[in-house]
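Listed below are the residues making up each chain.
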Amino acid sequence: MKTLYRALISLSLFLPMLAWSTNHRDGITLIQGTENRVMNLEELHTQANVSIVIYEPFRRDQISIQGIRLADFVSQHFEGTPSSIELQAHDGYTVVISNWQDQNWILMTHENDRPLTLRTHGPVRLVEEDLRNRDPNILRDFTEWVWMIQQIRAVE
Amino acid sequence: MGMDDSTDQGGRVNLLQNRLSWWLWLATLSFGVVAAWVVYEVRWFYPDLQRHFGPVGDPQVGRQIITRSREYLQNGLTILASEPLDKEQFEDGYFQFELAYSFLNVGLYLERYDCTEPSLNQLGQLLDRLTSPTTTDLASVVRTVNPVIQCATSIEQHQWELRQTRALHMAERLDRSQRWFLTVTGIAYSMGVLFLVFYELQRRRTNRSLKSQVSWMEKALEDALTGAQNRRAFDQDLQRHFKRFKKGGDSFSLLMCDLDYFKAYNDQFGHTRGDEALQQVVEVITQTLRPGDQVYRYGGEELAILLPNTRQKEARPIADRAITAVRRLDIGNPASPLKTLTLSAGLATSGDNDTTGEDVLNRADSLLYQVKVSGKDAVIDESQSE
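Chains A and B, in that order, give the protein sequences. Take the first sequence: its letters are residues 1 to 156, numbered as in this note's numbering. Take the second sequence: its letters are residues 157 to 542, numbered as in this note's numbering.
The shape of chain A in the complex, shown without the other chains (with noise of 0.2 Å):
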């Protein structure tokens, strides 16, 4: 009977292993008024233009990242000049950036030559390029990082 039983919970988490796929998060949503459109990692990948080191407060260390500045971004994929944008992760943690336009703001796809994840703190994540004075030990300055990004939203 126990058994039987193991047997049955084992079958109930197999079978939808079976359908699982990742593609459902291998994207992001922009949103602009009432327009949305899903930008897959790829082309994302392929408009990482910037390619720095920098000290990354959360790992602690030196990392080699790429990716592609906000500004840059935002010009690209959005219409007008947007008063802000907000950055919403998969866990729901939303940050609005009022000063996108500053070139410091890098939206990271590459940490270390190797894509983000969702382990790594991806598919993209919104990280500066320059601390400005600010004690990397202290992490709550640095609340406005961004990981996991799922949507990007120009607020008009």
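One thing to keep in mind: the hints can contain errors.
[Unchecked claim] Taking lysine to any residue pairs in the SDA-like style, the calculated list, with each CA pair at most 25 Å apart, reads:
#: 1; chain 1: B; residue 1: Lys528; chain 2: B; residue 2: Gln450
#: 2; chain 1: B; residue 1: Lys243; chain 2: A; residue 2: Arg119
#: 3; chain 1: B; residue 1: Lys243; chain 2: A; residue 2: Asn40
Please keep in mind that the hints were generated in silico from the structure rather than gathered at the bench.
The hints should help you fit chain B onto chain A, whose structure is shown.
Chain B in isolation, oriented as in the chain A frame:
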């Protein structure tokens, strides 16, 4: 002696005024310290506290990253334990584990807590197993996730302890800061008030000194016997009126007077009676003058009367009134042909040809001489001049 006293008095007033501004500066400085400290507390210290412990707005930020990891692990387990488990629920459970992995995969935890790396490895392997066709039962998932939850919980607890320690440290710092704030601002405020009191006392002393100096200066220009202005005051006022006239002001008139047969009066009645007569003469002349006109004791029994903004035509009746008033005093003077004390006067008015005040004075004096030689007890003005 007069000049030395005047210089001393002026120096003393300057010294008092310097001290006055010092007290005001010190009071301002003290209140400035209070204001600066308040600004420091509000602008720098409290924001520093807020940065560490204040509400950040988003509840996600307010929670620790590790807390979120632990919660996602527990959520994932709860979801996978649902029966029956459909595809959507499985995806959600898997997603919760991925989020848990992400929030555990933080440099701070990897650096400080030994259990982090093995936990990440175990969680990573579990996620790989869940997507592979190999069968994984719930018990095996629970067996894998439990140590990870324990690791997350221990990190969470330690982080809370650190946070509490920091909070205590900050509370002590706050307490110290408040004590300093109260002490420094209390002292600075009291000193400010004290300096203001000193300032007020000094201000009163300075005012008294100024009043005393003004009174002393007035006395220095007054004739002690008659109460009229003295020769020094006359010289100053004559120059002042002449300068004003030369700058386009109205003419002024000068009446130079001399008591007739006054030496004989003194000789006969003595100097005390002579002084009394002089006082009476000055008093009665003053009564005949207009506001602004001024009597001076020029010397001995000579008097000068300055009539500002007065032409000869207007000055003449004033001079006549003065002569008459003195005669009407009826002070007996046996040496005089009229047997009474009388006054002679010469009246001159400033003119365009005058270059100094002395020119007017000399003309008035010359006219007075003419009266003296032609019978006394009268006034001669420039229209009667020979």
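Item checked: lysine 528(B) paired with glutamine 450(B) [C-alpha distance capped at 25 Å] -> 23 Å, holds
Next item on the list: Decide if the proposed pair is consistent with the structure: lysine 243(B) and asparagine 40(A), CA atoms, cutoff 25 Å inclusive.
Entry: Roughly 23 Å between the alpha carbons, so the hint for lysine 243(B) and asparagine 40(A) holds.
Notebook entry, point to check: Is the straight-line distance between the alpha-carbon of lysine 243(B) and that of arginine 119(A) 25 Å or less?
Noted result: Measuring from Cα to Cα gives roughly 21 Å; hence the hint holds.
Checked against the numbered hints above, the structure breaks none of them.
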